[in-house]
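Trainee: As a plain string of letters, each chain reads:
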Amino acid sequence: MAAFEYRQAQEVRDAFARRGVRYLFIGKSGAILLGFPDTTQDADLYVEKNVENARALIAALLDLGFALSEDQNRDLERGKDFVQLKNGPFDLDLIFARDRIERFEDAWRRRLNVEGFPVCHPDDIIASKISANRTKDRESLPRLQAFREYWLNKNEGI
Amino acid sequence: MKSRVDIPADWLAEFEAASRRPLEQRMKYAFIRTYKPVLDDADYRAFDTMEQYRQWCEKNLPSWLGYGRV
Chain P
2 MAAFEYRQAQ EVRDAFARRG VRYLFIGKSG AILLGFPDTT QDADLYVEKN
52 VENARALIAA LLDLGFALSE DQNRDLERGK DFVQLKNGPF DLDLIFARDR
102 IERFEDAWRR RLNVEGFPVC HPDDIIASKI SANRTKDRES LPRLQAFREY
152 WLNKNEGI
Chain R
6 MKSRVDIPAD WLAEFEAASR RPLEQRMKYA FIRTYKPVLD DADYRAFDTM
56 EQYRQWCEKN LPSWLGYGRV
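Taken in sequence, the protein lines are chains P and R. Following the numbering used here, the numbering of the first sequence begins with 2 at its first residue and continues without gaps. Following the numbering used here, the numbering of the second sequence begins with 6 at its first residue and continues without gaps.
No wet-lab data here; the hints were simulated from the structure. Errors might be hidden in some of the hints.
Restricting the straight-line Cα-Cα distance to at most 30 angstroms, the calculated cross-link-like pairs of lysine-lysine (DSS-like) are [to be verified]:
(1) R:K64 with P:K87
(2) P:K87 with P:K155
(3) R:K41 with P:K137
(4) P:K155 with R:K64
(5) P:K155 with R:K41
(6) P:K137 with P:K87
(7) P:K137 with P:K155
(8) P:K50 with P:K87
Rough simulated footprint, nothing fancy, chain R against chain P, three-plus residues with beta-carbon under 8 angstroms [as the list claims (entries may be wrong)]:
(9) 14–27
(10) 54–63
(11) 103–111
(12) 124–131
The beta-carbon is built from N, C-alpha and C at its ideal position, and this holds for glycine as well.
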């Protein structure tokens, strides 16, 4: 499996938009879309958790070429909190309940648009990483927090 | 807006340089791929709660991958 590419991000954006999926790029992949210069292996999507959105998500994933079984479709519809997909043209982490973000709606209200990509606000990305409190999050936080300051200064008023 | 975090000069230079690159180029530099033992060995995993996912990572993944909680 090759690294996630811009073209694939566009395919996700377009397929999810066609099917009306409500989602946000989160984690370091979200920060990278905002301009954070760092590396990551994962494309993390924060997806609104409800049956209607899950059905739209399944349709979009099938459009993209993911091989979802009936059981996996049921998982998505039933509402798992975390699903890791490596059965498609690229890897995706689907997150339905984010640490430290109480409701998807709150993150959605604060979302940013980067060339049509819906992205979590840096404050939500950082809050989520603080809450996850993994070694890899701890290591990346100082630089991410510095980027947040840089980004806020540059985008004052957003 | 007044900054609450002092941004080291080398990081600031990197942020400025990144801001001048188009998104496609930023993504090309940012997304990398290396094999992650255990994590990459199944094509599908699902967890009812984030806590279950975190516990699974701590129990099953090599610590050097960094998925364990501090």
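Trainee: Determine for every hint whether it applies to the structure shown.
Mentor: For each hint, the structure was consulted:
1. Taken as a hint, the R:K64 and P:K87 pair is honoured in the structure, with Cα atoms around 21 angstroms apart against an allowance of 30 angstroms.
2. The hinted pair formed by P:K87 and P:K155 fails the criterion: a straight-line CA distance of about 36 angstroms is larger than 30 angstroms.
3. Between R:K41 and P:K137, the direct Cα distance comes to roughly 14 angstroms. Compliance with the 30 angstroms bound is thereby established for this hinted pair.
4. Simply put, P:K155 and R:K64 have alpha-carbon atoms about 42 angstroms apart, too far for the 30 angstroms limit, and the pair is violated.
5. Distance check on the hinted pair: P:K155 and R:K41 sit about 36 angstroms apart at the alpha-carbon level, beyond 30 angstroms; violated.
6. The suggested pairing of P:K137 with P:K87 holds, with an alpha-carbon distance near 21 angstroms, which does not exceed 30 angstroms.
7. At roughly 27 angstroms between alpha-carbon atoms, P:K137 and P:K155 fall within 30 angstroms of each other, so this suggested pair holds.
8. Proposed proximity of P:K50 and P:K87 is supported: the alpha carbons are some 21 angstroms apart, at most 30 angstroms.
9. Only residues whose C-beta sits within less than 8 angstroms of a C-beta in chain R count toward coverage, and the stretch 14–27 of chain P has 0 of them, not enough to reach three; the restraint is violated.
10. Here the stretch 54–63 of chain P counts 0 residues with a CB under 8 angstroms from a CB of chain R, which misses the bar of 3, and the coverage is violated.
11. Counting residues of the stretch 103–111 of chain P whose beta carbon lies closer than 8 angstroms to any beta carbon of chain R gives 0, which falls below the threshold of three, so the coverage claim is violated.
12. Restraint check on the stretch 124–131 of chain P versus chain R: 0 residues with Cβ-Cβ distances below 8 angstroms, three needed, restraint violated.
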